[in-house]
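There are 2 protein chains.
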Amino acid sequence: MVNSIRGFAKENRIIRRNHFNTICYMDNSHHGFPGKNKIADVREIIASQVHRTPALTCASLNEITGSFLFFKCENFQKGGAFKFRGASHAVITLSREDAVRGVATHSSGNHAQALALAASMRGIKAHIVMPENAPKIKVAAVESYGGIIRFCRPTLPDRESTLLEVIEECGATEIHPYNDYRIIAGQASAAAELYEDTPLLDCLVVPVGGGGLLSGSILSTRYFSPGTKVFGAEPEQANDAWESFQKQKLIPVRNPNTIADGLRTSLGSLTFPIIMEGAEDILTVSEDAIIRAMQLIWERMKIVVEPSAATVLAAVIEHPLHFAGKNTGLILSGGNVDLYRLPWLDRTITNH
Amino acid sequence: MVNSIRGFAKENRIIRRNHFNTICYMDNSHHGFPGKNKIADVREIIASQVHRTPALTCASLNEITGSFLFFKCENFQKGGAFKFRGASHAVITLSREDAVRGVATHSSGNHAQALALAASMRGIKAHIVMPENAPKIKVAAVESYGGIIRFCRPTLPDRESTLLEVIEECGATEIHPYNDYRIIAGQASAAAELYEDTPLLDCLVVPVGGGGLLSGSILSTRYFSPGTKVFGAEPEQANDAWESFQKQKLIPVRNPNTIADGLRTSLGSLTFPIIMEGAEDILTVSEDAIIRAMQLIWERMKIVVEPSAATVLAAVIEHPLHFAGKNTGLILSGGNVDLYRLPWLDRTITNH
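Chains as they are written, first to last, in our numbering: chain A, 1 to 352; chain B, 1 to 352.
So here's chain A without its partners, still in its complex pose (with noise of 0.2 Å):
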């Protein structure tokens, strides 16, 4: 690799020694630091699978966010969610000595479904760890990809240790659902699609979970929209990377409780070096905010997006004054929700 993140902190002048010397030389970090060549290369290998999704705008919320916001669906990438970005670029770019012993994770989220329809797309095996009690409908999108499942009991030990079983038994290679350059490269993709697609934007608020769509996001700014400024948007209920933001330090999350299922993770050991270097700031949204966005965009834009997607526009509503008069994009992460449990359905209604 040409790039590499020392590279990459040193153009930006500023310069995390501590976060930088450590995370080069960490696992996945083989894969390489993804520079800007890499990222125009990724996207040409994956363009042919993945959804070019539409940028949208809406009057009726650029008149309640005194903005100009720019929505990149990814509610509408294939696997309903931006994961396949990342998940197909996994895979594409497995060897093929790799590919035919398979590909495994434990996730029951859409990374989940993502790899499951990457690997079916390349017509190799996808082992995904899940836990026992995983919804059905989740269990069921997997497998409708062709995903072969393997149940363990709901602890992050028990996940681990089943995936190395499943690892050792068919030699598949592990893909992690964010902490992998090739991953972050994958995810970068949407955000410089959107640069291509819509006036130049001030800002940028992407949701933030493990880190991966944040962290490529960062990169494809940086590359591709320079004098945008990046902001992450994250539960106050799961707000590790809010956390590790402000105390420069990784601080993984602690009893995440939202409705936002996407974003319970922690940031990774390689999307944290990003994101401390390149996020103007983490915004916090609470839990009402999340679903008061998530049923304005289903009433005013009229698409599907899941609660992790919504956040993007909480943080606009919630923290107004970085984005008045701005143009704004915002990544609607994804779509997959479970019809029969809305959230706005289970609190007490007092607007309606």
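Watch out, some of these pointers could steer you wrong.
Which copy? The list can't say, so a pair holds if one copy fits it or any two copies do.
[Unchecked claim] Listed next, the in silico SDA-like pairs over lysine to any residue satisfying Cα-Cα at most 25 Å (straight line):
#1 Lys-229 with Thr-198
#2 Lys-36 with Pro-343
#3 Lys-136 with Cys-58
#4 Lys-229 with Glu-280
#5 Lys-125 with Glu-63
#6 Lys-326 with Ser-225
#7 Lys-125 with Arg-300
#8 Lys-136 with Pro-154
Don't read these hints as lab results, they were simulated from the structure.
Following the hints, position chain B against chain A.
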């Protein structure tokens, strides 16, 4: 007008004089039967006001139906439904003298919202007669677009007499929701756009209530894609178009009892002859099929459509022989749904 409906009939070589002789002199017919040039003109006239909505595809719905589906997303139209096309045309083309006295209609549905919005964009008044038991959400929507609501008792005679009162008081111009060539020509623009944006379509499926969208779509098909077969999609429980089409005479709907609230009206004297002549068939669909199709669209396409819009996919699913292996356009007529009352939540849940 250069084009008359008689000329249209002759050119089409299916002459049903009894229909055409009657409708030429009926209400609103003085606005002129919309010929090819007229529809091209209307598109230019309304272009700055209406959204050019996208045509979306969905691989999993193609797989489920065995057809190649192209969805024209009028749920993304201003006001949340195709109705804004016709309303916008009718309001823009009012003379200045008529415009200052405003427009009026009786409706509790999408036409009311569309007319209120179109009027507000011209800076004139829209008087909307609504039954006093209209859902609050619909009243609020009309008010949000600046409509002036006059409530009446919930019977058709009351609605009509109240509308007459309003017109006598204000001198407002009545804009009928469908039985008006200005409206039909406006609605025709949706199919005309779809034909420009898709490969050659073998079939086009359009919901039918009063017939404004279906008759407009038939005209655009004749002028811009004459090889395409046009089907109406109608709830079994409001099957007046099907019955009228079978018996070749206009039969009003009796006790419509369908979840597709936009399709409970009867065909009009202007829409029926066009449908009689230009539709390939009217396909009726069950309530269960409508709800299942609506849910499929939300789940697989991640977009919000109302039950009336879902009838088109229900028709493809319930009448597959017409569409197998064919390029099929479907007009998703609107997306105005009460998010607190989703039909699949009211049913016995068997698939979950």
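query: Which earlier hints turn out false for this structure, listed by number in ascending order?
result: 2
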